[in-house]
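The whole structure should be built from the sequences, with the hints applied where relevant.
Just so it is clear: in the first sequence, position 248 is 270 by the working numbering, and no numbers are missing.
Be careful, since some hints might not be right.
Here are the simulated DMTMM-like pairs of lysine to aspartate or glutamate, each with C-alpha atoms no more than 25 Å apart in a straight line [said to hold, decoys possible]: (1) K482 with D419; (2) K95 with E81; (3) K39 with D92; (4) K42 with E81; (5) K464 with D484.
Please keep in mind that the hints were generated in silico from the structure rather than gathered at the bench.
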Amino acid sequence: MTIQETLLQHIKTAFSKLYKAEIDTVEFQSTRKEFEGDITVVTFPMLRVVKMNPEQLGENLGNYLVKHVDEVKAFNVVKGFLNIVIDDVFYLNFFNTIKENSTYGFKPQTNEAIMVEYSSPNTNKPLHLGHIRNNLLGYSVAEILKASGHKVYKTQIINDRGIHICKSMLAWKRFAPNGSDGNKETPETTLNPDLRKGDKLVGNYYVKFDQEYKKEIASLVAQGKTEEAAKKEAPILLEAQNMLLKWEAGDNEVVALWQMMNAWVYEGFETTYNNLGVDFDCYYYESDTYLLGKEFVAEGLKSGVFFKKEDGSVWCDLTADGLDEKIVLRADGTAVYITQDIGTAIQRIKDYPDVEGMVYTVGNEQDYHFKVLFLILKKLGFEWAKNLYHLSYGMVDLPSGKMKSREGTVVDADDLIVEMTNTAKELSQELGKLDNYSDQEKHTIYNTIGLGALKYYILKVDPKKRILFDPKESVDFQGNTGPFIQYTYARIQAILRKADFNTNVTLSAVETSLHEKEKELIKQLELFPEVIQNAAQNHSPALIANYTYDLVKEFNSFYQNVSILGADNQNEKVFRVQLSQVVANTIKNAFGLLGIKAPERM
RNA sequence: GGUCGCAUAGCUCAGCUGGAUAGAGCACCUGCCUUCUAAGCAGGCGGUCCUAGGUUCGAAUCCUAGUGCGAUCACCA
Numbered sequence: 023m024t025i026q027e028t029l030l031q032h033i034k035t036a037f038s039k040l041y042k043a044e045i046d047t048v049e050f051q052s053t054r055k056e057f058e059g060d061i062t063v064v065t066f067p068m069l070r071v072v073k074m075n076p077e078q079l080g081e082n083l084g085n086y087l088v089k090h091v092d093e094v095k096a097f098n099v100v101k102g103f104l105n106i107v108i109d110d111v112f113y114l115n116f117f118n119t120i121k122e123n124s125t126y127g128f129k130p131q132t133n134e135a136i137m138v139e140y141s142s143p144n145t146n147k148p149l150h151l152g153h154i155r156n157n158l159l160g161y162s163v164a165e166i167l168k169a170s171g172h173k174v175y176k177t178q179i180i181n182d183r184g185i186h187i188c189k190s191m192l193a194w195k196r197f198a199p200n201g202s203d204g205n206k207e208t209p210e211t212t213l214n215p216d217l218r219k220g221d222k223l224v225g226n227y228y229v230k231f232d233q234e235y236k237k238e239i240a241s242l243v244a245q246g247k248t249e250e251a252a253k254k255e256a257p258i259l260l261e262a263q264n265m266l267l268k269w270e271a272g273d274n275e276v277v278a279l280w281q282m283m284n285a286w287v288y289e290g291f292e293t294t295y296n297n298l299g300v301d302f303d304c305y306y307y308e309s310d311t312y313l314l315g316k317e318f319v320a321e322g323l324k325s326g327v328f329f330k331k332e333d334g335s336v337w338c339d340l341t342a343d344g345l346d347e348k349i350v351l352r353a354d355g356t357a358v359y360i361t362q363d364i365g366t367a368i369q370r371i372k373d374y375p376d377v378e379g380m381v382y383t384v385g386n387e388q389d390y391h392f393k394v395l396f397l398i399l400k401k402l403g404f405e406w407a408k409n410l411y412h413l414s415y416g417m418v419d420l421p422s423g424k425m426k427s428r429e430g431t432v433v434d435a436d437d438l439i440v441e442m443t444n445t446a447k448e449l450s451q452e453l454g455k456l457d458n459y460s461d462q463e464k465h466t467i468y469n470t471i472g473l474g475a476l477k478y479y480i481l482k483v484d485p486k487k488r489i490l491f492d493p494k495e496s497v498d499f500q501g502n503t504g505p506f507i508q509y510t511y512a513r514i515q516a517i518l519r520k521a522d523f524n525t526n527v528t529l530s531a532v533e534t535s536l537h538e539k540e541k542e543l544i545k546q547l548e549l550f551p552e553v554i555q556n557a558a559q560n561h562s563p564a565l566i567a568n569y570t571y572d573l574v575k576e577f578n579s580f581y582q583n584v585s586i587l588g589a590d591n592q593n594e595k596v597f598r599v600q601l602s603q604v605v606a607n608t609i610k611n612a613f614g615l616l617g618i619k620a621p622e623r624m
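Listed below in structure tokens is the structure:
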């Protein structure tokens, strides 16, 4: 039973005894710093039940609680606020119940499985900052859901078919120079060091295509065509479209090229995922699932969920639900975006029957799309459709404005990771704290710090809000940042390494009393389980980030104001080391939920 | 135009299901390293919580309208 629950019980009893009245809820909050006390009861709402002035009610309740509840040591009343002082014994006892629990705050796994989709890149260009937000969010939400007791499958949908892929393929066929082996360049044979990563090479040809396409448009316009006509008639575009038709028809040569170039991209992506520290349990490819989507469109057509227009295209009428009509199959019978999404969802449930819900990590530009998708799946009669959730997040902007691939203002994911690591390195060398470690160790630490800065910077913001990514600010390692928190963890580790006495004992309140800062820390630790549940419910890593920051600030204040290893007596020393240990463990676990590592030293 | 989202300090963000004088960080200004890692701590400066109504003992928080910004309403993905 939590202290709140205990208090609630007694307050209820107090009401029936003192006033013969009944209340069912009590509003608790933690007492503000400027007042004495730990827990505050807001008595204003109770005045509806008993007509009296708030001070008097507070006094009466306070007196009752002091007399009847062991944990309540004292109280004071300020207007409609009853501030309750909780006895140290309670906090120390509570601390003793969690100090050995290395997964304090986490709930054991149940059979309730959730599939979390994130990343979902196109295979025609490298990952950028926008994908990074997506990846970090998806990974973190998955970890948070696990910690809250769910079984989780991480997955992605790879957008590996369509005209955009054909553009890269065509440009490579046409423009690729020979590599070191005399054949057209590949990631292995390319003479351009920037293109050794497959996604970079393929992305390079996507850009090449666009350049050539623009040239052709310009020359057509010069010949007297309108720009609109030129855009549609440019030979290179027509050839790409032709290639797509061949792909859909299963043309051997085109399919082989497609497979080869996609494989390059996958390998490149995998490297980025590894560097970023995100992973997946299973993969889905649109080229595999769009056919299943088409099947269910046919079925929905039979059952009347969809209808066919004169030209042969298939639609779903959602006007009764306040939405528009939505096309689910083109007139020529080919699949649209949503067709394959329908197929993918169904396929996933087939593959993993224990999945009861799915989370789609996709930008808020697709809010409407997911509303429609979920509604259609419901109309198709899938029971699980009600447990689908679109984890919608805001775009990432730069100080210069939006990221636009065509204008070259995109922040490349790989570059950014390298940059952050370099910044960590520079700062670290300046401070000179790692001078006697090996290069290998140093490199690992720089990486941990750089990534920690990046991840925390992005995850601390509420997902639904857009992020302004200021490169200057993102490499700031002071204040509310990842490195600040990592630093606190490293400092605690230094203390634990130095503590050469036995801390494996349980202290009672008789043996040690609590310093104010120690009590504050225990109160903060007490919140952790609830924060995890909250973060899971709201799909919000930001709640974990904010909590961790508050915990760390509280610890630093303790650290600077109180000597841990230099405490007055052995009991205090032991207790403070234990407390530091639990705080460190909580930082590590909380950061784990954000995909951030906690370094032993920095 | 319809629909959805956002608006809090100079900047970047917190603020839980309505509760005390709206909180952090950055920036700017003061102090604190012979003592556990100063990537730190202690403090100062800084706000018409977009505007106007409403609900109530009480509103940054809920409701309505307006303003601004963004997204979306494709046989693109």
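**Pair hint outcome, K482 versus D419 [Cα-Cα no greater than 25 Å]** = holds (16 Å)
**Prompt:** Taking only the CA atoms, is the gap from K42 to E81 under or equal to 25 Å?
**Reply:** Cα-Cα ~17 Å, so holds.
**Request:** Assess, step by step, whether the Cα of K39 is no farther than 25 Å from the Cα of D92, and give holds or violated.
**Result:** holds (19 Å)
**Item:** Restraint status (C-alpha distance of K464 to D484 at most 25 Å)
**Value:** Not satisfied, since the Cα-Cα distance of roughly 32 Å exceeds 25 Å.
**Prompt:** Hey, K95 versus E81, does the alpha-carbon distance stay inside 25 Å?
**Reply:** holds (14 Å)
The structure is inconsistent with hint 5 alone, although it conforms to all the rest.
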